[in-house]
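> Sequence:
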Amino acid sequence: MHRGTSETIWDYEKTTLLNSFDNHDYFVKGISKLCLVNELDGNLLLVASSDGNIRVWKDYTLKGKHKLVTAFSSIQGHRPGVRSVNAVVDWQQQSGNLYASGEISSIMVWDLDKEQLVSLFHPRQIAASQHW
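Everything in the sequence shown is counted per the UniProt record's numbering, starting at 1 for the first residue and increasing by one.
Keep in mind the hints are simulated off the structure, nothing from the lab. Each statement offered as a hint is correct.
In silico lysine-lysine, BS3-like type, Cα no more than 27 Å apart, as pairs:
| hint | residue 1 | residue 2 |
| --- | --- | --- |
| 1 | Lys33 | Lys65 |
| 2 | Lys114 | Lys33 |
| 3 | Lys114 | Lys67 |
| 4 | Lys14 | Lys58 |
| 5 | Lys14 | Lys65 |
| 6 | Lys58 | Lys33 |
With beta-carbon atoms standing in for the labels, derived distance ranges:
| hint | residue 1 | residue 2 | range |
| --- | --- | --- | --- |
| 7 | Lys63 | His122 | 40 to 46 Å |
| 8 | Ser105 | Trp10 | 35 to 41 Å |
| 9 | Glu115 | Thr16 | 32 to 38 Å |
| 10 | Thr15 | Val118 | 39 to 45 Å |
| 11 | Asn86 | Gln116 | 19 to 25 Å |
Even glycine gets a Cβ: it sits at the ideal position worked out from N, Cα and C.
Could you put the whole structure together from the sequences, leaning on the hints where they help?
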(Lines of atoms letter the chains of each structure in order from A and count residues from 1; the text may use other names and numbers.)
(Lines give C-alpha, C1' and ligand atoms only; values in the text may rest on other atoms or scores of the structure.)
Protein backbone atom coordinates (compact mmCIF):
# COMPACT_ATOMS: atom_id res chain seq x y z
CA MET A 1 0.00 0.00 0.00
CA HIS A 2 1.36 3.40 -0.93
CA ARG A 3 1.40 6.10 1.76
CA GLY A 4 3.06 9.31 0.58
CA THR A 5 6.66 8.46 -0.29
CA SER A 6 6.68 5.20 1.70
CA GLU A 7 5.96 1.61 0.89
CA THR A 8 4.04 -0.18 3.61
CA ILE A 9 4.10 -3.98 3.66
CA TRP A 10 1.29 -5.84 5.45
CA ASP A 11 0.61 -9.47 6.26
CA TYR A 12 -2.93 -9.53 4.93
CA GLU A 13 -4.02 -12.70 6.74
CA LYS A 14 -2.68 -11.64 10.14
CA THR A 15 -3.49 -7.94 9.56
CA THR A 16 -0.08 -6.93 10.88
CA LEU A 17 2.38 -4.35 9.61
CA LEU A 18 5.60 -6.04 8.48
CA ASN A 19 7.65 -3.08 7.28
CA SER A 20 7.51 0.49 6.00
CA PHE A 21 10.27 2.28 4.11
CA ASP A 22 10.92 5.25 1.84
CA ASN A 23 10.88 4.36 -1.83
CA HIS A 24 11.25 7.68 -3.61
CA ASP A 25 12.85 11.06 -3.02
CA TYR A 26 9.93 13.13 -4.27
CA PHE A 27 6.39 13.16 -2.92
CA VAL A 28 4.83 14.12 -6.29
CA LYS A 29 5.88 10.86 -7.97
CA GLY A 30 3.06 8.34 -7.83
CA ILE A 31 3.48 4.59 -7.85
CA SER A 32 2.47 3.07 -11.20
CA LYS A 33 3.35 -0.59 -10.55
CA LEU A 34 4.08 -2.93 -7.64
CA CYS A 35 4.97 -6.54 -8.38
CA LEU A 36 6.98 -9.48 -7.13
CA VAL A 37 10.03 -10.50 -9.15
CA ASN A 38 11.37 -14.07 -9.00
CA GLU A 39 8.53 -15.11 -6.72
CA LEU A 40 9.76 -18.69 -6.39
CA ASP A 41 13.41 -17.82 -5.80
CA GLY A 42 13.99 -15.11 -3.21
CA ASN A 43 11.17 -12.61 -3.56
CA LEU A 44 12.08 -9.16 -4.77
CA LEU A 45 9.67 -6.23 -4.82
CA LEU A 46 9.67 -4.08 -7.96
CA VAL A 47 8.31 -0.56 -7.46
CA ALA A 48 7.82 1.64 -10.53
CA SER A 49 6.90 5.30 -10.32
CA SER A 50 5.13 7.55 -12.81
CA ASP A 51 8.41 9.28 -13.70
CA GLY A 52 9.80 5.97 -15.01
CA ASN A 53 12.11 5.25 -12.10
CA ILE A 54 12.36 1.60 -11.08
CA ARG A 55 13.50 0.37 -7.69
CA VAL A 56 13.90 -3.29 -6.76
CA TRP A 57 14.01 -4.23 -3.07
CA LYS A 58 14.99 -7.42 -1.25
CA ASP A 59 14.11 -8.40 2.32
CA TYR A 60 11.24 -5.92 2.05
CA THR A 61 9.15 -7.79 4.65
CA LEU A 62 11.88 -7.61 7.31
CA LYS A 63 11.56 -4.45 9.40
CA GLY A 64 14.72 -2.37 9.10
CA LYS A 65 16.51 -4.99 6.96
CA HIS A 66 15.18 -4.10 3.49
CA LYS A 67 17.85 -3.42 0.88
CA LEU A 68 17.75 -1.63 -2.45
CA VAL A 69 19.01 -4.12 -5.05
CA THR A 70 18.93 -1.81 -8.06
CA ALA A 71 17.45 1.48 -9.23
CA PHE A 72 17.32 2.96 -12.72
CA SER A 73 15.25 5.10 -15.05
CA SER A 74 13.27 2.88 -17.42
CA ILE A 75 12.26 5.77 -19.68
CA GLN A 76 14.82 7.47 -21.89
CA GLY A 77 14.43 10.08 -24.58
CA HIS A 78 11.74 12.23 -22.98
CA ARG A 79 11.88 16.00 -23.12
CA PRO A 80 14.26 17.63 -20.62
CA GLY A 81 12.48 19.23 -17.68
CA VAL A 82 9.42 17.00 -17.92
CA ARG A 83 8.60 15.98 -14.35
CA SER A 84 6.37 13.04 -15.21
CA VAL A 85 6.13 10.88 -18.29
CA ASN A 86 3.18 8.89 -16.89
CA ALA A 87 5.27 5.77 -17.23
CA VAL A 88 3.64 2.38 -17.52
CA VAL A 89 5.66 -0.79 -16.98
CA ASP A 90 4.99 -4.50 -17.18
CA TRP A 91 7.17 -7.29 -15.78
CA GLN A 92 7.33 -10.63 -17.63
CA GLN A 93 8.67 -13.34 -15.32
CA GLN A 94 9.32 -15.95 -18.03
CA SER A 95 11.51 -13.72 -20.18
CA GLY A 96 12.98 -11.66 -17.35
CA ASN A 97 12.06 -8.52 -19.29
CA LEU A 98 10.54 -5.29 -18.09
CA TYR A 99 8.58 -3.32 -20.71
CA ALA A 100 8.34 0.45 -20.23
CA SER A 101 6.59 3.27 -22.04
CA GLY A 102 4.63 6.43 -21.33
CA GLU A 103 4.35 9.85 -22.91
CA ILE A 104 7.23 9.03 -25.24
CA SER A 105 7.31 7.65 -28.76
CA SER A 106 8.74 4.22 -27.95
CA ILE A 107 8.52 1.04 -25.89
CA MET A 108 11.68 0.07 -24.05
CA VAL A 109 12.54 -3.52 -23.17
CA TRP A 110 14.88 -4.07 -20.22
CA ASP A 111 16.67 -7.28 -19.20
CA LEU A 112 16.46 -7.02 -15.42
CA ASP A 113 19.05 -9.72 -14.81
CA LYS A 114 21.64 -7.75 -16.80
CA GLU A 115 20.12 -4.37 -15.84
CA GLN A 116 20.39 -3.42 -19.50
CA LEU A 117 18.18 -1.94 -22.22
CA VAL A 118 17.92 -4.70 -24.83
CA SER A 119 15.32 -3.39 -27.30
CA LEU A 120 13.63 -0.19 -28.32
CA PHE A 121 10.44 -0.25 -30.40
CA HIS A 122 8.65 2.65 -32.03
CA PRO A 123 4.88 2.40 -32.68
CA ARG A 124 5.44 2.57 -36.45
CA GLN A 125 7.75 -0.47 -36.27
CA ILE A 126 5.16 -2.42 -34.31
CA ALA A 127 2.34 -1.49 -36.70
CA ALA A 128 4.48 -2.33 -39.74
CA SER A 129 5.29 -5.78 -38.36
CA GLN A 130 1.60 -6.71 -38.00
CA HIS A 131 0.28 -9.00 -40.73
CA TRP A 132 -3.46 -8.42 -40.87
